[in-house]
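K.L.:
Chain by chain, the residues:
Protein chains: 2
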Amino acid sequence: MTGENGRREFVKLSFAAGVPFALGATPDSLAGFASDPGQEELPFFEVVRNRRSVREFKPTPIPDEHLQQILDAARLAPTSGNQQPWKFVVIRDPSVIDELKEACVRKNLEARRARGMEATPEVAEQVTEGLKGYFSAPVYIVVLTDGESRYPTYNHWDGPMAAGYLMLAARALGYGTVFITDSIPADVTKEVLNISDRFTRVCITPLGVPVAWPDTPQKKPLDEFIVQDRF
Amino acid sequence: MTGENGRREFVKLSFAAGVPFALGATPDSLAGFASDPGQEELPFFEVVRNRRSVREFKPTPIPDEHLQQILDAARLAPTSGNQQPWKFVVIRDPSVIDELKEACVRKNLEARRARGMEATPEVAEQVTEGLKGYFSAPVYIVVLTDGESRYPTYNHWDGPMAAGYLMLAARALGYGTVFITDSIPADVTKEVLNISDRFTRVCITPLGVPVAWPDTPQKKPLDEFIVQDRF
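These protein sequence lines map, in sequence, to chains A and B.
Just so we're aligned, residue 1 is where the first sequence starts under our numbering, counting upward by one.
Just so we're aligned, residue 1 is where the second sequence starts under our numbering, counting upward by one.
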């Protein structure tokens, strides 16, 4: 649990003057926090406000106990009839990460060729460069649901909720994630990781210490989401 | 979709006595916390461990600022390309809640008749009694995604994540929720709340102070979910 000083310091930074309250901490306070993952445990609403989609990571390794804590939170997501239909593929082997990256580049070039677009070595280099940030993390987690679960027609709700929990838990310990669908396509993970048709991929996320915590993208005001009582 | 048996099984499982308590705070600490909603803010992992599916509520009203804080957390869920495709129907008018309940009973009896099952006044009373707990909360929230969002084919991920965030945020403030799909069917909410075909319902959840925090249902051990590197 958090030491009192650490938490107060964070809270103070988070509510620094001039920051619109609705969306949380300043980039500075986030950067400070991020440099010391796992050393503090943020209060719930701080975690929600400070989670970001992160696309560039430091190579800093993730201790097993943090990884376990993050996955342990994911499996506690709401689940239909307590079916718990999830699998988490946890990729730490750098050669598997490299294979994923190479397969992404290959697929991208194939798709370009199929559309009659250029797929020269220069383009290949650009594509590789474009994926560099996504592939800079020490760990990747593929969130899957199992088509042979007890209530498979409910998996489409259970899957994303576990992914959402996982990403919040990572943030609580100071790690960044991003819900990737297209940039690392489902068929690439399927091929490289030998995922059978029994499973449906929800997403793949890198997991690591961010190079920087991005600013909050512009969000719609809360009022725009609310309907009172009925339409 | 799963029928009556599946659902009954779910409820039975959820409330099974003697479930080994493996996942967090003691029922006592939960009960103490729950009696005083909003007076404490739990650290992140405590919230995750202590969220439960709650099916019976006290009539205690929910202050506007708590409701706002909960909805504000929901809209900060990860969202594809920052599209934020959500609507939250917030039902506080008791007459609308009554209409929902009556429509649920009516639908249930219609479904019984269509299957050649009994739908006598006694059955109607049993059905009403069965729904009593679900309809004992002061507030209901329907989570919707908008088919006219920027990337509608990604809504099926964004919707459940916002619902998951909402339920965690409620727990952080001491309120119970439950991700309801079948017990309050989508077509009932559609009819009573005038929801157009433009929107897809993710779920409806009651929101209120639990009569009691249920024990944790039996959960699979973490190891069962993990695949190392690849299948």
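Misleading hints may appear alongside valid ones.
Copies of the same chain look alike in the list, so a pair counts if it fits in one copy or across any two.
[Stated by the list, open to error] The list that follows gives simulated cross-link-like pairs (lysine-lysine, DSS-like), each with its CA atoms no further than 30 Å apart: (1) K107 to K58; (2) K190 to K220; (3) K107 to K87; (4) K219 to K132; (5) K101 to K190; (6) K107 to K219; (7) K87 to K220; (8) K219 to K190.
No wet-lab data here; the hints were simulated from the structure.
K.L.:
Each of the hints needs a verdict: does it hold here or not?
P.N.:
Consistency of the hints with the structure:
{"no.": "1", "hint": "K107 to K58", "verdict": "within (26 Å within a copy, 55 Å between copies)"}
{"no.": "2", "hint": "K190 to K220", "verdict": "between (35 Å within a copy, 25 Å between copies)"}
{"no.": "3", "hint": "K107 to K87", "verdict": "within (25 Å within a copy, 36 Å between copies)"}
{"no.": "4", "hint": "K219 to K132", "verdict": "within (27 Å within a copy, 38 Å between copies)"}
{"no.": "5", "hint": "K101 to K190", "verdict": "within (13 Å within a copy, 44 Å between copies)"}
{"no.": "6", "hint": "K107 to K219", "verdict": "neither (33 Å within a copy, 39 Å between copies)"}
{"no.": "7", "hint": "K87 to K220", "verdict": "between (33 Å within a copy, 12 Å between copies)"}
{"no.": "8", "hint": "K219 to K190", "verdict": "between (34 Å within a copy, 27 Å between copies)"}
Comparing the model with each earlier hint shows a violation of hint 6 alone; every other hint is respected.
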